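Student: Residues per chain, in single letters:
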Amino acid sequence: MCSNMATEKQDPGHIAPQGFTDRALDSAVTLTCWVWFIFGFLFFFSWAYLAAAVLAKNPEIHFQRLNYHFFRIFFRVVSTTAPRQKFHIDDKIAAIRSSVVVCNHLSYLDPLLLIALFPRQKTIVKPRFFGTPIFGWMIKKSGYLPASSEGHFSRMMIEQMETMGSYLKAGGNLFIFPEGTRSRDGKIGNLNRGALKIARMCKTPLYVLQLHNTDKLFTPGKFLFNSRIHNDISIKIIDHINPDYRYNPPSTTQLEQQVRQAFSANQM
Amino acid sequence: MTKVDIQDKILAILTEDFEFEKPGLDDNLRDDHGFDSIDAIELLGKIELTILGFSLTREEKEKAMGIRTINDIVAYIEDIKHSRSK
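Chains as they are written, first to last, in our numbering: chain X, 15 to 282; chain W, 183 to 268.
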């Protein structure tokens, strides 16, 4: 993962004149990333996932580490093939452990970026993804939680919540996008309180992260990466909430207010 | 513990720990109070500790995920107590 790379003089988001070459470049970058997704997984990672599933005592840990390495390489592929994309990652983020991490959500790249930052990571995933071949199996084995407890998801949710406290205590992170969906205008939407409830229940500190400009590279509703623009993708810690759970436990509402305040104070 | 005692305990937990305001026994927990599956799991933990005094099995917990009202919670606790006392 790139960190504090040299900044360019050109404005972030500056769009170069669009022509056939630009579109071809976007297509090439997108295709390269898909090639890594499919063939990188098949040739380099699938055997490791299989070995972890069959041989490991605790496959969850191995699956999370494999996800971490897979997406770190993915972002190396992105920054190599799209050099106009500069990644600025707050160095302190990689040191976060045993925490619930909440972050604003701009693009499908966001969860991948957070997986690439935390070797032990869990997140909440839309239920429909659990039904997809291979990917559904992988997210289940990784210990990710379904965003539903209806029907057969109730058992999965209960199993995951029963072990969440020990997972967090052992150094794992749970990252969540409390808006639930990608923001189309960059503004913070309604916050789902699930992350805050989990933090409160497990008596865990919270980190509030803010992401910028992943949507400029991979815009919601578009298929191709927008690799032609000069773009600074950044992620930084904007608040660290470490409540006194023993003597002054906060309510979920108080935590929500604090998170919202952090986002509002850092709104662009 | 009588049905009324259980009801009072549940109302106290929901008011103090889950920030419910004036909960009604037939309110839809999700729609009227934003009570979700994470809350349900936390509530089950509190029920184990303060009302039942024993741990629920996974199957018993799964049954609780379909609960919609406070009256349902009370009936669920009575069912569990009844089935465990057999």
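Among the hints, erroneous ones may be present.
Unchecked claim - Below, computed lysine-lysine pairings styled on DSS-like, alpha-carbon distance capped at 27 angstroms:
#1 X:K217 to W:K185
#2 W:K245 to X:K154
#3 W:K228 to W:K263
#4 X:K217 to X:K154
#5 X:K140 to W:K191
#6 X:K183 to W:K263
#7 X:K217 to W:K228
#8 X:K250 to X:K106
#9 X:K236 to X:K140
#10 W:K245 to X:K155
#11 W:K245 to W:K204
#12 X:K217 to X:K100
Claimed, not checked - Using C-beta positions, here's what the derived DEER-type ranges look like:
#13 W:D214 to X:G203: 44 to 52 angstroms
#14 W:G235 to X:R111: 47 to 55 angstroms
#15 W:H264 to X:G203: 42 to 50 angstroms
#16 W:N210 to X:I87: 45 to 53 angstroms
Honestly, the hints are just simulated from the structure, not real lab data.
What you are looking at is a predicted structure, and each value in this text was computed from that prediction instead of being measured.
Even for Gly, the Cβ is constructed at its ideal location relative to N, Cα and C.
Student: All hints are to be evaluated individually against the structure, with a verdict given for each.
Tutor: Each hint tested on the structure:
Only pairs whose Cα atoms come within 27 angstroms are accepted, and X:K217 paired with W:K185 is rejected, the gap being roughly 32 angstroms. In summary, the hint linking W:K245 to X:K154 is supported, as the alpha carbons are separated by about 22 angstroms, within the 27 angstroms threshold. With a C-alpha separation of about 15 angstroms, the suggested pairing of W:K228 with W:K263 holds against the 27 angstroms cut-off. Straight-line distance between C-alpha atoms of X:K217 and X:K154 comes to about 25 angstroms, which keeps the hinted pair within the 27 angstroms bound.
Distance check on the hinted pair: X:K140 and W:K191 sit about 34 angstroms apart at the alpha-carbon level, beyond 27 angstroms; violated. Under the criterion of a C-alpha separation no larger than 27 angstroms, the hint pairing X:K183 with W:K263 is inconsistent with the structure, at around 33 angstroms. For the suggested pair X:K217 and W:K228, the alpha carbons sit about 15 angstroms apart, so the restraint of at most 27 angstroms is met. At most 27 angstroms may separate the alpha-carbon atoms for a hinted pair to count; X:K250 and X:K106 meet this at roughly 8 angstroms.
Restraint check: the Cα-Cα separation between X:K236 and X:K140 comes to about 20 angstroms, which is no more than 27 angstroms; the hinted pair holds. At most 27 angstroms may separate the alpha-carbon atoms for a hinted pair to count; W:K245 and X:K155 meet this at roughly 24 angstroms. A C-alpha spacing of about 26 angstroms is found between W:K245 and W:K204, which places the hinted pair at or below 27 angstroms, so the restraint holds. Between X:K217 and X:K100 the alpha-carbon distance is near 36 angstroms, which puts this suggested pair outside the 27 angstroms criterion.
A hinted range of 44 to 52 angstroms is violated for the C-beta pair W:D214 and X:G203, which are about 22 angstroms apart. For the hinted restraint 47 to 55 angstroms between W:G235 and X:R111, the CB-CB distance of approximately 35 angstroms leaves it violated. At roughly 45 angstroms, the beta carbons of W:H264 and X:G203 sit within the given window of 42 to 50 angstroms. Between W:N210 and X:I87 the C-beta distance comes to about 47 angstroms, which sits within the given range of 45 to 53 angstroms.
Violated hints, in rising order: 1, 5, 6, 12, 13, 14; the structure is consistent with all others.
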